[in-house]
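J.: These two chains come separately, so use the hints to put the complex back together.
Protein chains in written order, with the numbering used here: chain A, 887 to 1104; chain B, 8 to 345.
There is no bait here: all hints are sound.
Chain B stretches covered by chain A per the calculated footprint, using a threshold of three residues with CB under 8 Å from any CB of chain A:
no., segment
1, 28-34
2, 133-144
3, 260-270
4, 278-289
5, 292-301
6, 320-332
By construction, these hints were calculated from the structure, which means they are not laboratory data. Ideal Cβ positions, reconstructed from N, Cα and C, are used throughout, including at glycine.
The lines below spell out each chain.
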Amino acid sequence: MRRVAIEPLGDAAVLVRLGIAIDEATHRRVRAAHASLTAEPFPGVSDIVPAYTTVTLHYDPARVDPEALSRRVRELVEQLPEELALPSRLVRVPVRYGGEDGPDLAAVAAHAQLTPEEVVRRHAAGEYVVHMIGFAPGFPYLFGLDPQLACPRRDAPRQRVPAGSVGIGGTQAGIYPIETPGGWQLIGRTSLVLFDAAREPPGLLAPGDRVRFEETRA
Amino acid sequence: MSAEVRVLRSGLHTTVQDLGRAGHQHEGVPVCGAMDAAALRLANLLVGNPEGAASLEVTLIGPTLELAGDVLLSVTGADLSASLDERPLAPGRMVHACAGSQLTFGPRATGCRAYVAFAGGIAVPPVLGSRSTYLAARLGGMRGRALVSGDVLPIAEPGACSRALAAAVGRGRCAPWRPAAFAGDTAAVGNAEDAIEVRALRGRHFAALTSPARGVLLGGDAEWFTVSGASDRMGYRLEGPALALEEPLELISEGVAFGTVQLPPDGAPIVLMADRQTTGGYPRVLEVASVDRRLLAQARPGTRVRFREISLDEARRVYIAREHELARLADAIALRAR
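So here's chain B without its partners, still in its complex pose (with noise of 0.2 Å):
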């Protein structure tokens, strides 16, 4: 069941996404692949993909999508009121839509970036080891760009895994289970998204901030800054108490990460993201843990942020737990394609 995707209207940013280009960054390459990577490994999951496969990151204005085919797809991540064939079509809902199928997104009710996985994966040519979009070198994804009107994205031939799934739920049918087990879909990105609290470590030159400026990042009463307009898929520009540096900083650029806090000379923030270059020579104030990075993903502009002290090792026993949440799902989905 082979199938086609073709696009009808592209939405306001739509992108074949996967789980990143990891391994050139010493080429200068950036990682980019999904901002939420979590939402698009569970996307994966739901129809039986393995879980990079590529799908596509919907940006608060869904585009419009009709089958070519039948198809197991899925949708989670931000809540953007996507119907089938006028059905809703709640985050984290399977369904195996018919041939001549629509998929619509409506009004934005909860986040920022919604995944659609279709089984068998979108089946754009691999480029450096990753299917994900880098919009400025133009590669990967459908030809280095955003999705267009009129775009027809290939789909692969589903594994087995998306066959048993499909025949379990019968065509034309939305599965009638639901991760609900994965806390993490839900409430991480729920209803009180318009201010979040995302935890951080110390960045190298946090030490190097004003006592007043390191008050205001993680001190007891730590303030909020609000996502600013110029924020994108690179980084998060963060406006708020303008931070300074107890002296100014010559410093050599060296690695980033994704969840780095540079902090320019003007004082306000910026957070790296998917997109982010491989090196960078700003303070770095600092650094967002892992688990947590979702949350700035579902952040758009206005969106309240407010950080909070995590230490490296309890980073990596939340970061672990919800590991093993994502692995109880694929394993629980594992047994309804049996």
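This is chain A alone, in the form it adopts within the complex (with noise of 0.2 Å):
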């Protein structure tokens, strides 16, 4: 891989960029990085955190030189090849769209000129990947919108989003795992279980994983 910036979050933290902008190659080299960081660990490192571009590692700054640290995080990261083959799991997430579910059906619509039934079909019709997980425990950030479904979050937001609620936050999409406040703008509810923290792992959904939505009246 090519030279990465490695750089410090504070006294506990360092953030490894690996790209500028929320695109595929960039995802990749994101989780190909994660893996092989998190395949090796650096004692006194507790949490590496993938996103969008970067991999940040948490470490007890008692413990950790951040030089040592980072002069090891290059080597593994930039000897990493450009093109990595990372297993990519399919999940089917079932939805019902519109109605007490998708309150924001109809917004989404008239924001994209189209009708909700079209709305709906270009939503369920595209395959989607986790590029990270953040906002809340198991939340997915997909890629793979459909542009025209873009829309701009919730002038206010709502203090309770249900759990299993399928949303559009501009250009991302994306499902509520549990119940909080948010603002993203509801189109459906899914049944499934986004995360259990009895369950191992508790996220349904990882970075890498493909993601479709299929329609359902149950």
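T.: What follows is the structure, given as structure tokens:
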């Protein structure tokens, strides 16, 4: 892999920058770097957190010399091949669109100048890739939304978004794993459990997984 | 002497915490854990526990607890006028309490968060490797929530070190020693706490601030901010001079840390605390030095905060110095238990 930038994030984390835009090539580099860093534990590093363009390593400042950590990270990541075949699961997500389950379907349709049926058809026609998990436990940021379905977040976030809500936030698609406050446009809801602390792993989805939505009435 | 703790009154916001749920941030799970981790560690060391045992984090207005069974307990962190059966218990004290005793709290004297450790530790079931309470997802701790009156906290069987300390102190007695050596506990959370100076490193987007904003944050005459009422375990909002960027930045979400100071578009900075999300997309203007996280943890709405620049090397040096102080204290306590 080409030369990467490693930046301090305070005195207890470093951030490895692998790209500058949300795209598939950067996503693959992030996945490869995350897999490689996770497979070679560095004593004193507690968390290795992939995001769209970065991997963040959190460490104990009493145990880790950040320069030594950065050198080790650079060695590992820069020796990775530019293209690495990584496994990718396909997960089908049944969704009840519209109505109480998707209170913003009409608003998204109006914004896209499409019928609600066409919004559902396009949303369920796409194949999405989980680019990162963030915001809440198990919350997948999905890449691959039909550009015409892109829709700004709500002006006022909802205080309670039900677990399983399927949403659109700008050009992103996502699924709320737990009930939280949230500002995305909600177009449907799934009965799949996206996060269960008693499960191993607790999250249904991980970066690199592919997602297809399927309309269901049940 | 396995014990239980009965919650007669819950206090304002009392939660079970340990050192947090590390190792799950890649699954979007916040770390949580004690806001003032050093105070929690100290509380545990005082009763002979492993330093990360689950304890209570008490916020501003303390609970009333009844002990069912003899138990060694300690109180550290903020001085919220703790008493055991109406005998005052200063922060940093350990007591071998008898069954039926009541631990109560009174007016706040200093700080914001006190920690109560029980020998053996609070034995709620661990979730994803931690007993800390994560309120937003309602997991960990006492059924994922703050304590309510009527709760009964199970306490695990104390280990050998706790049993030896209990024997050395004697039933119903307060330990005659207290960790004066640990300057961190009283001095840092001391009396000048209505205005705190917090050491911070430049954040990634510090240079994108306007020149006046840079001066307000880290200049020779850095200005004071005030911790707003809209502050909690997720983050502290700071009110004060509005900060601006030279030009708006469109950022992509990436990792954030305990002490990251974000700048949302309204210009009022937010310091991310124990229950912060794992990633964030706002400009990061400062990163609070790990050693000074606890100053913020002990700040409360109305506390004035000013930042002072520290280098990465210096931040690490002072952090390690405090770790040595805690290690010396742990050794001294182990000697008492011989």
